[in-house]
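> Each chain is listed here by its residues.
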Amino acid sequence: MLSYALRRLLQGVLTLWVMSLLVFAGVYAIGNPVDILINPQADQAEIAQAVAQLGLDRPLWQQYWAFLSSAFSGDFGMSFVTRAPAVALILERLPATLELALTAMLIAVVLGIPLGLLAGLKPDSWISRAIMAGSILGFSLPSFWVGLMLIMVFSVQLGWLPTTGRGATVDVFGIPLSFLTADGMQHLILPALNLALFKLSLLIRLTRAGTREAMLQDYVRFARAKGVSESAVVRVHVLRNILIPVVTVAGLELGSLIAFAVVTETIFAWPGMGKLLIDSINVLDRPVIVAYLLIVVFLFIVINLLVDLLYAALDPRVRLEATR
Amino acid sequence: MNTKKSLISTLLVAALHTLMPAAAADLRIGLSGEVTSLDPHYLAAQPNLTVGRHVFESLTDIDPRTKLIPGLAENWRAIDATTWEFKLRRGVKFHDGSDFTAEDAAFSLQRPLSIKGSPGGFASYVRAIETATVVDTYTLRIKTKYPYGALPEDINSILIVSKKHALNAGPEDFDSGRALVGTGPYKFARYLRGDRLELARNDLWWGKRPAWDRVTLRVIPADPSRTAALLAGELDAIEHVPSADIKKLKQNRNLRVMQATSWRTILLHVDQYRAQPPGITGNDGKALAKNPFMDLRVRRALSKAIRRDAIAERVMEGLAVPAANIVSPGVFGHDPALKAEAYDPEGAKRLLAEAGYAQGFRVTLAGPNNRYINDEQVLQTVAQLLTRVGITTRVEAAPMSAYLGRVRKEETAFALLGWGSFAADLALRSLVATPDADKGWGAWNWGRYSNPKVDALMTRALASVDRDQREALARGANTLAMNDLAFIPLHHQVVSWAMRANLDYTPRTDEFTFAHHFLPK
Numbered sequence: 002m003l004s005y006a007l008r009r010l011l012q013g014v015l016t017l018w019v020m021s022l023l024v025f026a027g028v029y030a031i032g033n034p035v036d037i038l039i040n041p042q043a044d045q046a047e048i049a050q051a052v053a054q055l056g057l058d059r060p061l062w063q064q065y066w067a068f069l070s071s072a073f074s075g076d077f078g079m080s081f082v083t084r085a086p087a088v089a090l091i092l093e094r095l096p097a098t099l100e101l102a103l104t105a106m107l108i109a110v111v112l113g114i115p116l117g118l119l120a121g122l123k124p125d126s127w128i129s130r131a132i133m134a135g136s137i138l139g140f141s142l143p144s145f146w147v148g149l150m151l152i153m154v155f156s157v158q159l160g161w162l163p164t165t166g167r168g169a170t171v172d173v174f175g176i177p178l179s180f181l182t183a184d185g186m187q188h189l190i191l192p193a194l195n196l197a198l199f200k201l202s203l204l205i206r207l208t209r210a211g212t213r214e215a216m217l218q219d220y221v222r223f224a225r226a227k228g229v230s231e232s233a234v235v236r237v238h239v240l241r242n243i244l245i246p247v248v249t250v251a252g253l254e255l256g257s258l259i260a261f262a263v264v265t266e267t268i269f270a271w272p273g274m275g276k277l278l279i280d281s282i283n284v285l286d287r288p289v290i291v292a293y294l295l296i297v298v299f300l301f302i303v304i305n306l307l308v309d310l311l312y313a314a315l316d317p318r319v320r321l322e323a324t325r
Numbered sequence: 007m008n009t010k011k012s013l014i015s016t017l018l019v020a021a022l023h024t025l026m027p028a029a030a031a032d033l034r035i036g037l038s039g040e041v042t043s044l045d046p047h048y049l050a051a052q053p054n055l056t057v058g059r060h061v062f063e064s065l066t067d068i069d070p071r072t073k074l075i076p077g078l079a080e081n082w083r084a085i086d087a088t089t090w091e092f093k094l095r096r097g098v099k100f101h102d103g104s105d106f107t108a109e110d111a112a113f114s115l116q117r118p119l120s121i122k123g124s125p126g127g128f129a130s131y132v133r134a135i136e137t138a139t140v141v142d143t144y145t146l147r148i149k150t151k152y153p154y155g156a157l158p159e160d161i162n163s164i165l166i167v168s169k170k171h172a173l174n175a176g177p178e179d180f181d182s183g184r185a186l187v188g189t190g191p192y193k194f195a196r197y198l199r200g201d202r203l204e205l206a207r208n209d210l211w212w213g214k215r216p217a218w219d220r221v222t223l224r225v226i227p228a229d230p231s232r233t234a235a236l237l238a239g240e241l242d243a244i245e246h247v248p249s250a251d252i253k254k255l256k257q258n259r260n261l262r263v264m265q266a267t268s269w270r271t272i273l274l275h276v277d278q279y280r281a282q283p284p285g286i287t288g289n290d291g292k293a294l295a296k297n298p299f300m301d302l303r304v305r306r307a308l309s310k311a312i313r314r315d316a317i318a319e320r321v322m323e324g325l326a327v328p329a330a331n332i333v334s335p336g337v338f339g340h341d342p343a344l345k346a347e348a349y350d351p352e353g354a355k356r357l358l359a360e361a362g363y364a365q366g367f368r369v370t371l372a373g374p375n376n377r378y379i380n381d382e383q384v385l386q387t388v389a390q391l392l393t394r395v396g397i398t399t400r401v402e403a404a405p406m407s408a409y410l411g412r413v414r415k416e417e418t419a420f421a422l423l424g425w426g427s428f429a430a431d432l433a434l435r436s437l438v439a440t441p442d443a444d445k446g447w448g449a450w451n452w453g454r455y456s457n458p459k460v461d462a463l464m465t466r467a468l469a470s471v472d473r474d475q476r477e478a479l480a481r482g483a484n485t486l487a488m489n490d491l492a493f494i495p496l497h498h499q500v501v502s503w504a505m506r507a508n509l510d511y512t513p514r515t516d517e518f519t520f521a522h523h524f525l526p527k
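Protein chains in written order, with the numbering used here: chain A, 2 to 325; chain B, 7 to 527.
The set of hints was computed from the structure by calculation and includes no laboratory data.
These numbers were taken from a predicted model, which means no experiment stands behind them.
Distance condition first, Cα-Cα at most 25 Å in a straight line; then the derived SDA-like pairs of lysine to any residue: (1) B:Lys256 with A:Leu159; (2) B:Lys445 with B:Ala462; (3) B:Lys122 with A:Ser74; (4) B:Lys149 with B:Thr465; (5) B:Lys254 with A:Leu159; (6) B:Lys254 with A:Ser144; (7) B:Lys170 with B:Tyr144; (8) B:Lys415 with A:Ile31; (9) B:Lys415 with A:Ile282; (10) B:Lys415 with A:Val52; (11) B:Lys254 with A:Gln158; (12) B:Lys169 with A:Ala85; (13) B:Lys415 with A:Gly56; (14) B:Lys122 with A:Ala85; (15) B:Lys253 with A:Met153; (16) B:Lys415 with A:Gln64; (17) B:Lys415 with A:Ala53; (18) B:Lys122 with A:Pro60; (19) B:Lys355 with B:Leu294; (20) B:Lys415 with A:Gly27; (21) A:Lys123 with A:Ala134; (22) B:Lys415 with A:Ala46; (23) B:Lys122 with A:Asp280; (24) B:Lys122 with A:Met79; (25) B:Lys415 with A:Ala26; (26) B:Lys415 with A:Gln50; (27) B:Lys122 with B:Gly39; (28) B:Lys99 with B:Glu204; (29) B:Lys345 with B:Asp381; (30) B:Lys415 with B:Ala281; (31) B:Lys254 with A:Val157; (32) B:Lys415 with A:Val24; (33) B:Lys151 with A:Pro41.
Using the sequences plus the hints, can you model the full thing?
Structural data, given as structure tokens:
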């Protein structure tokens, strides 16, 4: 178990290194942040000076080496545009994004699994058909459009919920959380719903497919023949078996919810990490872009590891060591 | 049941929140640009200056029509060609109650030079200054390195900080509010990076008391969301109304839209230095014998082929004024005698034939797709119009970051740029003067247009400390450069604000949004 986790971590470090190399070179290839950010009145000497002060005049490998050596001591550099440590900027935004992503995931799981189960158990009823039709919409409508429609309907037309922004926060162990206040909750509903929609549809379809398959399995027939009640069949035999793929997908999707809530955060002016990433890409704020993507890769590695561990808990047949 | 009840009450509370008008003395404004730092001397970006100018002030101020007016300096004059004396306003207090003196002014003018590691600092605005000497508490004397008439314009961008608080303070001290102590109409209350800045009225302010006790500046860069927040009543005003929403907002009786011609001129730089510029070929795809853009007749043909009024009305949906000048109407050095080139495709074809390009040629037009109002549509329209007179034009639009990278690598020969300036000579120095790193000229003269006569007039204008004389020279240089089509001017953008119908705002040429200039009607 321990050696398995260690091996996974080593793989993770390698992934992080390759990722940093790719992002670094990629941002370098796009252009120079000084070109975008320089004071329009600056003359050639001032432009050259700004470039030199940021070390952008040096060859790429030197810049990368400087980055790598300070990264090993935990310093990922200062944001060009705010003059604050890149990691601090990202971590400052992390609670807002985590809050949004977890709420969205909660919505997706709490609604998605029961709805999918329902659609799988009674595939021909009209309600199942409605659920499936809805999930197709959830899949295919672009997120920014749905977000705008949610704002137009629930905020502008009906006036029920706020359009944009994060509500009031309370500090819990120094972390500002907004879902604990009424104002914060109101601000959270629409963006979380928008973010959840795609995952919700995904979970519905996944659960439905799993359920339909499981219902035809021998163990379900035996259980029924044994006289086990229908609800127990579903709970013990069906649900437990379909949960494995569902947990995998939910885990991976949680990673992408956290890392790439960019569209939702932009539309709802949610001060999270995704919005920071987009702003940073627009001005080629390389330290923030690199640090962000490294943090995201790290998150994915951890989530994947957790999912694997969860497998073992859910399915006694899975032995982690056996994959050697 | 209980959860259902609480959900309903949540929704009800939300409904009340949005239906209730804001308390009379609160103002909530939606800004379009991301504020990156509250340090007024770190990054010279408009959003940063917008919030900075609520808390801080500068020695010279700019009125809504870009006219220079007194700020923290009551008046100023040039004693000789290189010496300026600024008489400072008396009785001005910083937010902490301490007095504003010439010491603070001298310190603030020097501070931009001490900021290291900024990709776009304020050093450019103080590079002409040799020394800033405190003569007495309320007199500041500035020696310039060379005769320089644009000093009052330049130092308008330098916000005056409190020496006591800003000494040894870095950007983080401003972001935390600790060093954010100015003389301006509003005091720091709370800053949530990437979200909002909350301000409280400074009752010690020397100017006319602002109408609002509390001001919230919210950053909402997504255009439709900003409009939606205004429509839902969460904001009282927004800046940079997207062109697609203007009509709808104007028809809304609860709202009003205020507009002004912005100082931002949209122009096309044309390569005038390479024999065979990239992207320019004959119709057969082979390189041309010489660069057609070096011929004034070809540049004139480009200009005549562009239908500026249609671009302004349709593509820009009214958010543009056809341009013939380097600066907008009313701006220092603008020449009202210059008229936007009329659409004349036949004339363009004739000029091309005269220049030896009766069969036309091919060009690539480059530009950004996320920087200026409807920029990519403008590029596409210009390309079609040029193609119609025989200059087959292909558009290469990219995000500003990637686009500028290409421009700096000199991969473009025909490129769109937007420029805002409150003096023609300053704009000429960057856009049209013969590029010269030693003099600091022409850093944005991508086409490397070079005309000794324009250079000479512009130099004399900038060296002139007599404003009338300077304006006449600047106008002359502007007229000369435009008649020679140093670049192809397209239009001046129109800048818009939308607000509740019971508010009033004087739209500003420089596009700034100031809470203290909003008035209840």
